[in-house]
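A.B. asks: Spelled out from the first residue to the last, the chains are:
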Amino acid sequence: MKRYDLITPEGTRDLLFEECAAVRAVEERLQGIFKSKGYSEVITPGLEFYDVFDQKSRYFPQETMYKLCDNKGRLMVVRPDSTMPIARMAATRLQGQQLPIRLCYSQSIYRNKPVMRGRSDEFRQTGIELIGSGSARAELEILSNALEVLGSFETGGYRLELGHIGFFKSLVAKLGCGADKIESIRSLIEVKNYPALNDLLDDMGNNEVTRALKQLPRLFGGEEIFEAAAALDPGEDGMAALGELRGTYARLISMGYEGKITVDLGLVNRMDYYTGTVIKGYIEGCGDAVLSGGRYDGLLGEFGMELPAAGFAVNIDAVARTEMKTRSFRPGAADVIVFGEDGFEAAAAVYCKELISKGYKAEYAVCDSVDEAKKYAAAKGIVRLDIFSGNGVEELTVSC
Amino acid sequence: MDNNARPLRIALTKGRLEKDTVALLEKLGYDCSAVHDKGRKLILPVGDSIEVVLAKAADVITYVENGVCDMGVVGKDTIMEMNGKFFELSDLGFGKCRFALAGKKGEDFYEGTHIRTIATKYPNVARGFFEKKNMDVDIVKIEGSVELAPLLGLSHAIVDIVETGTTLKENGLEVYEYICPISARLIANMVSLKLRKGEIEGLISEIEKVL
Numbered sequence: 001m002k003r004y005d006l007i008t009p010e011g012t013r014d015l016l017f018e019e020c021a022a023v024r025a026v027e028e029r030l031q032g033i034f035k036s037k038g039y040s041e042v043i044t045p046g047l048e049f050y051d052v053f054d055q056k057s058r059y060f061p062q063e064t065m066y067k068l069c070d071n072k073g074r075l076m077v078v079r080p081d082s083t084m085p086i087a088r089m090a091a092t093r094l095q096g097q098q099l100p101i102r103l104c105y106s107q108s109i110y111r112n113k114p115v116m117r118g119r120s121d122e123f124r125q126t127g128i129e130l131i132g133s134g135s136a137r138a139e140l141e142i143l144s145n146a147l148e149v150l151g152s153f154e155t156g157g158y159r160l161e162l163g164h165i166g167f168f169k170s171l172v173a174k175l176g177c178g179a180d181k182i183e184s185i186r187s188l189i190e191v192k193n194y195p196a197l198n199d200l201l202d203d204m205g206n207n208e209v210t211r212a213l214k215q216l217p218r219l220f221g222g223e224e225i226f227e228a229a230a231a232l233d234p235g236e237d238g239m240a241a242l243g244e245l246r247g248t249y250a251r252l253i254s255m256g257y258e259g260k261i262t263v264d265l266g267l268v269n270r271m272d273y274y275t276g277t278v279i280k281g282y283i284e285g286c287g288d289a290v291l292s293g294g295r296y297d298g299l300l301g302e303f304g305m306e307l308p309a310a311g312f313a314v315n316i317d318a319v320a321r322t323e324m325k326t327r328s329f330r331p332g333a334a335d336v337i338v339f340g341e342d343g344f345e346a347a348a349a350v351y352c353k354e355l356i357s358k359g360y361k362a363e364y365a366v367c368d369s370v371d372e373a374k375k376y377a378a379a380k381g382i383v384r385l386d387i388f389s390g391n392g393v394e395e396l397t398v399s400c
Numbered sequence: 001m002d003n004n005a006r007p008l009r010i011a012l013t014k015g016r017l018e019k020d021t022v023a024l025l026e027k028l029g030y031d032c033s034a035v036h037d038k039g040r041k042l043i044l045p046v047g048d049s050i051e052v053v054l055a056k057a058a059d060v061i062t063y064v065e066n067g068v069c070d071m072g073v074v075g076k077d078t079i080m081e082m083n084g085k086f087f088e089l090s091d092l093g094f095g096k097c098r099f100a101l102a103g104k105k106g107e108d109f110y111e112g113t114h115i116r117t118i119a120t121k122y123p124n125v126a127r128g129f130f131e132k133k134n135m136d137v138d139i140v141k142i143e144g145s146v147e148l149a150p151l152l153g154l155s156h157a158i159v160d161i162v163e164t165g166t167t168l169k170e171n172g173l174e175v176y177e178y179i180c181p182i183s184a185r186l187i188a189n190m191v192s193l194k195l196r197k198g199e200i201e202g203l204i205s206e207i208e209k210v211l
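Chain order of the listed sequences is H and W. If you read the first sequence in the numbering used here, its first letter stands for residue 1, the second for the next number, and so on. If you read the second sequence in the numbering used here, its first letter stands for residue 1, the second for the next number, and so on.
Among the hints, a few may not be true.
[Unchecked claim] Straight-line C-alpha distance at most 27 Å; calculated DSSO-like pairs for lysine-lysine: (1) H/Lys56 - W/Lys132; (2) W/Lys96 - H/Lys214; (3) W/Lys197 - H/Lys169; (4) H/Lys214 - W/Lys85; (5) W/Lys141 - H/Lys113; (6) W/Lys85 - H/Lys169; (7) H/Lys260 - W/Lys96; (8) W/Lys132 - H/Lys113; (9) H/Lys325 - W/Lys197; (10) H/Lys181 - W/Lys85; (11) W/Lys85 - H/Lys56; (12) H/Lys325 - W/Lys85; (13) H/Lys2 - W/Lys141; (14) H/Lys113 - W/Lys85; (15) W/Lys133 - H/Lys181; (16) H/Lys113 - W/Lys121; (17) W/Lys209 - H/Lys214; (18) W/Lys85 - W/Lys14; (19) H/Lys260 - W/Lys121; (20) W/Lys197 - H/Lys214; (21) H/Lys181 - W/Lys132; (22) W/Lys41 - H/Lys325; (23) W/Lys85 - H/Lys67; (24) H/Lys113 - W/Lys56.
Note that these hints are calculated values from the structure, not bench results.
Produce the complete structure using the sequences and hints provided.
C.D. replies: Laid out in structure tokens, this is it:
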């Protein structure tokens, strides 16, 4: 029998020292930003019932979820997403709270990905959810937070991309075709598959709507996109979506984010979960979006509480990996190591605590002799060795 | 590792698609001499603004998906088999062939109620094709000449790429059904397209002019 006791499962990994420090640094930075803005942290269980992710607005293909059974035979999944459990939690536990509710979280996500394609099955996500407000102010709150977060990453440039699912929905509504067809069109627009999209729409006739849909994946860029999109005559709802997006865009520009925000009306992923503005954040040096989110006004209703909501999540591992390319997270050596001679072990421990309370980073040596302590200190790069004995403290300088 | 000063990196599928793509780039006026005299080098400059990476078809997708190459040229067959997260921007029109279901000449594949065994290099494509027909089939993955499988009695039929059909004919096989057409596609990494929009769109519109 082959034993798998020395390796970790595919798509997971141990994070050691520098990698771990990088992940925590990014996580803490974001938590700091969110908490300073009045967001309260929540933790949801690592295991949830399958049904939580099997809503009408189903976004999770079942093959991407890790599943197991509880002792009553009920199907459970290892948390594949934070927003849906938080929606469940808010709808069941946060009734009667003053709205809007500001929540933040930082937890791992598990998804079964195709093997050996350079992607992780486990990654840490930190994010916020703003529940109970559908106003333009709420939109601005979420988007400006997303921009602040992207700006806090110590990588090259960043870009926040805005889209609006309402524009696409309004166009396909005019098409009057079935849900399957709409899903095919949506998925082709999502991956900007121009050739296949053209083929599919050619079969549906040459009219204003099909011509407009063919343009949709190309509608990304700066402010000029709004004019180009309006020219496609997207109908009343489409124009409303466009107006909403344009308003948000203008407000962000006035906050000084010129050149940092772009528009992509072909951003139509997970349409059933998101209902309005959708966002993606990119940083230089990372081949995938590191931030994604949007407005999901229908989701809490699925759990019995009709409330608008919006939020975003950041892929902490991806950001940490990218930051590590340009700066060091190597944890520094201790300032001092304290060794207690035989009979002075306890006194040395007390002295070590005193040093720490004075602000030193101090290790308590668990070696059996001064020589061993010296060797250890030299190997670890600790330059000062304090020896506690009957004569008090002797301070040695260690050459590393 | 990454900065905007680096040339646009394009992964090409080694072999025929590579030659066709290089011919296309030359038509656009790019200096491809480094690719012609490549020796054993795998990363080659094309003009000042492009760098070409030579890779196996499936690897082209992996490199583009992970963002270490901005764009790629790869056959629709590999895209259908691998799937993945990237933008498929253009049908380059070369490398044309078709996916087909084929087997021994004169036999009726659909006759009878037995479970069919299908040999293929493209198990996902084959599975998808039979799923649409609500047919359960056994799929055997073959690496080399798939045509051997029905001849040796390993499978009832094959799902494979057919260009002219000569190999099938010479071995007493025939196409039962065409599945879909295939050609070379230009793909792009999802972040590269956004962060280097001008360069990538510029190249695509140049390409579309000569196609």
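A.B. asks: Against this structure, judge whether each hint is valid.
C.D. replies: Taking the hints in turn, this is what the structure says about them:
no.: 1; hint: H/Lys56 - W/Lys132; verdict: holds (24 Å)
no.: 2; hint: W/Lys96 - H/Lys214; verdict: holds (24 Å)
no.: 3; hint: W/Lys197 - H/Lys169; verdict: holds (25 Å)
no.: 4; hint: H/Lys214 - W/Lys85; verdict: holds (20 Å)
no.: 5; hint: W/Lys141 - H/Lys113; verdict: holds (21 Å)
no.: 6; hint: W/Lys85 - H/Lys169; verdict: holds (23 Å)
no.: 7; hint: H/Lys260 - W/Lys96; verdict: violated (41 Å)
no.: 8; hint: W/Lys132 - H/Lys113; verdict: holds (23 Å)
no.: 9; hint: H/Lys325 - W/Lys197; verdict: holds (24 Å)
no.: 10; hint: H/Lys181 - W/Lys85; verdict: holds (21 Å)
no.: 11; hint: W/Lys85 - H/Lys56; verdict: holds (25 Å)
no.: 12; hint: H/Lys325 - W/Lys85; verdict: holds (23 Å)
no.: 13; hint: H/Lys2 - W/Lys141; verdict: holds (25 Å)
no.: 14; hint: H/Lys113 - W/Lys85; verdict: holds (12 Å)
no.: 15; hint: W/Lys133 - H/Lys181; verdict: holds (18 Å)
no.: 16; hint: H/Lys113 - W/Lys121; verdict: holds (22 Å)
no.: 17; hint: W/Lys209 - H/Lys214; verdict: holds (18 Å)
no.: 18; hint: W/Lys85 - W/Lys14; verdict: holds (21 Å)
no.: 19; hint: H/Lys260 - W/Lys121; verdict: violated (45 Å)
no.: 20; hint: W/Lys197 - H/Lys214; verdict: holds (18 Å)
no.: 21; hint: H/Lys181 - W/Lys132; verdict: holds (15 Å)
no.: 22; hint: W/Lys41 - H/Lys325; verdict: holds (26 Å)
no.: 23; hint: W/Lys85 - H/Lys67; verdict: holds (24 Å)
no.: 24; hint: H/Lys113 - W/Lys56; verdict: holds (22 Å)
When each numbered hint is compared with the structure, violations occur for hints 7, 19.
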